[in-house]
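Given the coordinates of chain A, work out where chain B should sit on it, guided by the hints.
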Amino acid sequence: QQQVKQSPQSLIVQKGGISIINCAYENTAFDYFPWYQQFPGKGPALLIAIRPDVSEKKEGRFTISFNKSAKQFSLHIMDSQPGDSATYFCAASKPNFGNEKLTFGTGTRLTIIP
Amino acid sequence: SAVISQKPSRDICQRGTSLTIQCQVDSQVTMMFWYRQQPGQSLTLIATANQGSEATYESGFVIDKFPISRPNLTFSTLTVSNMSPEDSSIYLCSVERAPDTQYFGPGTRLTVL
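Protein chains in written order, with my numbering: chain A, 1 to 114; chain B, 115 to 227.
Keep in mind that a hint or two might mislead.
Calculated pairs, BS3-like style, for lysine-lysine (alpha carbon to alpha carbon, straight line, at most 25 angstroms) [to be verified]:
(1) A:LYS101 - A:LYS15
(2) A:LYS68 - A:LYS42
(3) B:LYS179 - A:LYS57
(4) A:LYS57 - A:LYS101
(5) A:LYS58 - A:LYS71
(6) A:LYS42 - B:LYS121
(7) A:LYS15 - A:LYS68
(8) B:LYS121 - A:LYS58
(9) A:LYS5 - A:LYS71
Treat the hints as calculated values from the structure; they're not laboratory data.
Keep in mind the model is a prediction, meaning the values are calculated, not measured.
Extracted from the complex, chain A is given alone in its bound form (with noise of 0.2 angstroms):
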């Protein structure tokens, strides 16, 4: 039961262009949702991540937009860089006592053209 969905697979994007990936959850419970990006041989590392209680968070390029009704937030980057070219799965967590979980997506491998 996949309970994060996340779209799409693969994505090419042209180097100053916006990319966007979109995932879509189905547990009304979950309260947190973080992206992370991992580069070939890395760790997953912590990009950015928001609560329901906003519809819209934006560090530097990254920015999470969120729709509580329709169960789904994206990632957007703004001009895109061939820096950016990386794996990116988005991932939630339900309040559970200080033992809050991740599940992950199932990832969106990016690629930034020249």
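The following block gives chain B in isolation, referenced to the frame of chain A:
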């Protein structure tokens, strides 16, 4: 954030043997997690390790196959026992530094022949 190291970074092992993976974090943390990431796939939680208590395993993972130790607040080990080629994966530890916020180690790339 957190500085997390894992040893070994990679290993090639023969089937039927066991490998112990170490995870060291730069300061004390309550919760540590072990994940498996099969090639080109997403992350799957194996177990949660709290200091001073038995690890809690997710469905599909058992203690006999993946014994975990958590002797103090900065260190944990995961053993992959009686390995088969299907165990070839990247094994990652993570720590929780703030509610919900997990930081990952660099991973251990395991190949079983």
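Evaluated hints:
no.: 1; hint: A:LYS101 - A:LYS15; in the structure: violated (35 angstroms)
no.: 2; hint: A:LYS68 - A:LYS42; in the structure: violated (32 angstroms)
no.: 3; hint: B:LYS179 - A:LYS57; in the structure: violated (41 angstroms)
no.: 4; hint: A:LYS57 - A:LYS101; in the structure: holds (22 angstroms)
no.: 5; hint: A:LYS58 - A:LYS71; in the structure: holds (19 angstroms)
no.: 6; hint: A:LYS42 - B:LYS121; in the structure: holds (14 angstroms)
no.: 7; hint: A:LYS15 - A:LYS68; in the structure: violated (31 angstroms)
no.: 8; hint: B:LYS121 - A:LYS58; in the structure: violated (35 angstroms)
no.: 9; hint: A:LYS5 - A:LYS71; in the structure: holds (11 angstroms)
Violated hints, listed in ascending order, are 1, 2, 3, 7, 8; each of the other numbered hints is respected by the structure.
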